[in-house]
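**Q** Model the full assembly from the supplied sequences, consistent with the hints where possible.
Chains as they are written, first to last, in this note's numbering: chain A, 67 to 317; chain B, 76 to 370; chain C, 59 to 355.
Quick caveat, the hints were computed from the structure, so don't treat them as lab data.
Honestly, I wouldn't trust all of these hints.
To be verified - Derived SDA-like pairs (lysine to any residue); straight-line CA-CA distance at most 20 Å:
id: 1; chain 1: B; residue 1: K187; chain 2: C; residue 2: G325
id: 2; chain 1: C; residue 1: K245; chain 2: C; residue 2: T140
id: 3; chain 1: A; residue 1: K139; chain 2: C; residue 2: R147
id: 4; chain 1: B; residue 1: K187; chain 2: C; residue 2: K327
id: 5; chain 1: A; residue 1: K139; chain 2: C; residue 2: S244
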Amino acid sequence: MTSTLNVLKIENLSCNVSGTQILNDINVTFEVGETVGIIGPNGSGKTTLFNCISGFMPGISGHLYLKDKEIIKASPSTRARLGIGRVFQNFGIFRDMSILENMLIAFEGKRPILTTFFPWAKMNRVHKEQALELLGRVNLAHRASEKASSLSGGQMRLLEIVRLLASNAEVFLLDEPTAGVSPKMKDEVVGLIQSLIELNKTIIVIEHDINFIQRFCERIVVLDGGKVVLDDVPEKVRADPRLQEIYFGKA
Amino acid sequence: MLAFFTSDYVIHLLILIGIYFIVAQSFNLSFGFARIFNLSHIASYAVGAYTTSLLATELNFGILPALGIGVLLSALFSLIVGGIAVRLEAEYFAMGTIAFSAMVTALLINWKSITRGVLGVPGIPRPVIFETALESNTQFLIFVGVVAALVQLIFGVLYYGSFGRSLRAQGEYENGAKSLGHDTGAARMVSFILASMVGGLGGGLYATYVSYIDPSVSSFAEMVFVLTIVIVGRPGSYWGILVGSAAMILLPEIFRFVTMPSEYLGPLRQLLYGIVLFLLVYVRRANLFPVERKL
Amino acid sequence: MSILPQLLLNALITGGIYALVTSGLSLTFALTRVLNLAHGHLMMAGAYSFYYAYVQRGWGLFPATLFCMGSSVVLGLVTLKTFVAPFARYSVVLALVSTLAFATIIESTVSLIFDVNVKSLMVGAYPESFEWCGVFITSLQLLIIGLAIVILGILAFIVHGTGFGRFIRAFSESSVTTESLGISKSKVMGIVFIVSAMLSSLAGVLVGFETSLQPTMGNAYTLKCCAIIILGGLGNLWGTLVGAFLLGLMENLLVGLEFGSFSIPTGYKDAVAFVLILFVLLVRPEGLFRKRGRAAC
Chain A
67 MTSTLNVLKI
77 ENLSCNVSGT
87 QILNDINVTF
97 EVGETVGIIG
107 PNGSGKTTLF
117 NCISGFMPGI
127 SGHLYLKDKE
137 IIKASPSTRA
147 RLGIGRVFQN
157 FGIFRDMSIL
167 ENMLIAFEGK
177 RPILTTFFPW
187 AKMNRVHKEQ
197 ALELLGRVNL
207 AHRASEKASS
217 LSGGQMRLLE
227 IVRLLASNAE
237 VFLLDEPTAG
247 VSPKMKDEVV
257 GLIQSLIELN
267 KTIIVIEHDI
277 NFIQRFCERI
287 VVLDGGKVVL
297 DDVPEKVRAD
307 PRLQEIYFGK
317 A
Chain B
76 MLAFFTSDYV
86 IHLLILIGIY
96 FIVAQSFNLS
106 FGFARIFNLS
116 HIASYAVGAY
126 TTSLLATELN
136 FGILPALGIG
146 VLLSALFSLI
156 VGGIAVRLEA
166 EYFAMGTIAF
176 SAMVTALLIN
186 WKSITRGVLG
196 VPGIPRPVIF
206 ETALESNTQF
216 LIFVGVVAAL
226 VQLIFGVLYY
236 GSFGRSLRAQ
246 GEYENGAKSL
256 GHDTGAARMV
266 SFILASMVGG
276 LGGGLYATYV
286 SYIDPSVSSF
296 AEMVFVLTIV
306 IVGRPGSYWG
316 ILVGSAAMIL
326 LPEIFRFVTM
336 PSEYLGPLRQ
346 LLYGIVLFLL
356 VYVRRANLFP
366 VERKL
Chain C
59 MSILPQLLLN
69 ALITGGIYAL
79 VTSGLSLTFA
89 LTRVLNLAHG
99 HLMMAGAYSF
109 YYAYVQRGWG
119 LFPATLFCMG
129 SSVVLGLVTL
139 KTFVAPFARY
149 SVVLALVSTL
159 AFATIIESTV
169 SLIFDVNVKS
179 LMVGAYPESF
189 EWCGVFITSL
199 QLLIIGLAIV
209 ILGILAFIVH
219 GTGFGRFIRA
229 FSESSVTTES
239 LGISKSKVMG
249 IVFIVSAMLS
259 SLAGVLVGFE
269 TSLQPTMGNA
279 YTLKCCAIII
289 LGGLGNLWGT
299 LVGAFLLGLM
309 ENLLVGLEFG
319 SFSIPTGYKD
329 AVAFVLILFV
339 LLVRPEGLFR
349 KRGRAAC
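**A** Next up, the structure:
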């Protein structure tokens, strides 16, 4: 009987693309409000794992449960509506749209399609207010009508994350959130992630920055060669000799 | 039974298979090997056909020299097309070559002083070899067979030699081939011109066989037909194109066994070709054209 | 020179029809990165469905329009589900070949059901042309221009001013990101393909009334749409509109005007589009209006 505290459960997940086994029998469970870090050398399958959870990978087998609901066959948009939010390595921002539009589209993703044809409906005004409020939290409200392409990397990342608050995501898949962000902005990004934690969101982060992982993650999952090698609290993972092996090879 | 196999109609079909094989195998060089989706190939075919016909009928050239000049003009034509189009990516390239093809058709129809427009060019003679005109179809079949065999031989050398290897490498991963020193632009251009030349040869052969051509030789329907042959035979395959040509020429023969008004025959054949093409591309979509690596 | 205003008017009429039919292609291309080479054939098929209802069966304008729109819905969905979507994961060349096959199938089927002869939708007499500001125009032509402006205006509003338009623009930039926000790709694509087919059918019906229909007309229109899209920049709706009218202008001016004692024979009218495609590809492949076209992942 699965515990009702589990928000995401990955069971026997394997992913095979054109003959290459990228993920091999992954088993991980995430609880509500947990902050988990995923680390591993390049090519170990971290982003692929995220793609499997988001629903963008073909050729996968196994089970995926979101709040006890099997979603392995669900489309990416269905999974998003059920609460999975994704931040992409290359900034999933629509550069040709304004910053406000980037927010609005997150609100609209949850609405039935036919309602999106009428820009004069009350719902739109409400969304606009909420969008501006969220943008205010990251200091972007005054730039709402500018094109998103004018943002710096760090600001884009802030926008991406705060946008997920608009779409009511509960499980946040953050793929290297501090990559491509200037050191000054890093603190702001980290601050934003911290506020997510305070909202009791489940955060799963792929990161290379070991300090970041140390500060926030209650648990670390180590991937290597498509398999879960370690899954434990940070102190134990750090102390494990296998970690050195994975990154630097046997002495 | 033997009488059936030597009957005139069978010989006619075999000639057509031979001619279309030549046209399709040349298309295969650019489409199957170099992965160039050149939809103006049929225009090269038409250029060869019209050059051969007009030289033979208006200027009394012998067919063999006319064929030769037709081939050269097709090469020239492809230089123009290639110069513009070879640098473009998939969608733009397809559009550009279709546009070229459509332009050739428009010219063939409208430049009446040279091409006689929709009236076409009648009275194209058969080739004369060693003082004998190849009037009988059996003689012509042997002629086409010899040409086809030569084409196959030449392409065999191309496909299995280093040139073919280079084309296949850049078809799959252009930057990889470049980083190993291959001049991909030049190779593609060369394959483009070669394909066009042989296509023009096929056009000339067709013209001298049927003795009458009109602008429909450059039609889009013809291009789709040749494309279907290559897809049936599998793009990049050496012998598969022969199978494809035979299959596509023989396929509509099933209509012989069904009696129907003649105005249905043309569209019905078209419909058959379209369905065959789609089914093949659909069923084989995972294997047909691996996506080129961009990085 | 006195024929210039008339030529300009004709350019407006042709341009309007081109704009209507091309906008559909622009949208489906922006969404899928697949150039539907059967697009002109969808226009032709839609027009023939109207022909069936209005001329052959004698139904009224309104029921015939409903029937035509119904067929467009079917055609649009078939285009998407059968001939475009299955090839999404594979090389774009396969999708192009698939649409080529689709075009062949449509053309031959229409030729079989209705014959290959030229047909007109105008059942009664041609509307009278009346003089207006020095040019002659018929009520039908006025309708064409009016419809083009209104419908395209609505389309532009939807794409740039509504949430749904945001979805389209988002998908054309990155389909993966858009899906991860909960927006259903299949629903948006379905709606866009249906609307595209409807717009093309409308354009086809107008052409059927104004001039004539023939099963072979699909190809020429597909090419013209391509010319317009290249002119205006792939994926750019405004550019498409301007390009459509530009093409209409060029076709009518280049063929209608006299340059001294030389004038281009009318048979070459269609060729204007072809030359345009090649010229633009040679000189400025991004089109006249630069818009960053990003492949939908």
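**Q** Each hint: holds or not?
**A** Each hint, compared with the structure:
{"no.": "1", "hint": "B:K187 to C:G325", "result": "holds (11 Å)"}
{"no.": "2", "hint": "C:K245 to C:T140", "result": "holds (15 Å)"}
{"no.": "3", "hint": "A:K139 to C:R147", "result": "holds (18 Å)"}
{"no.": "4", "hint": "B:K187 to C:K327", "result": "holds (16 Å)"}
{"no.": "5", "hint": "A:K139 to C:S244", "result": "holds (15 Å)"}
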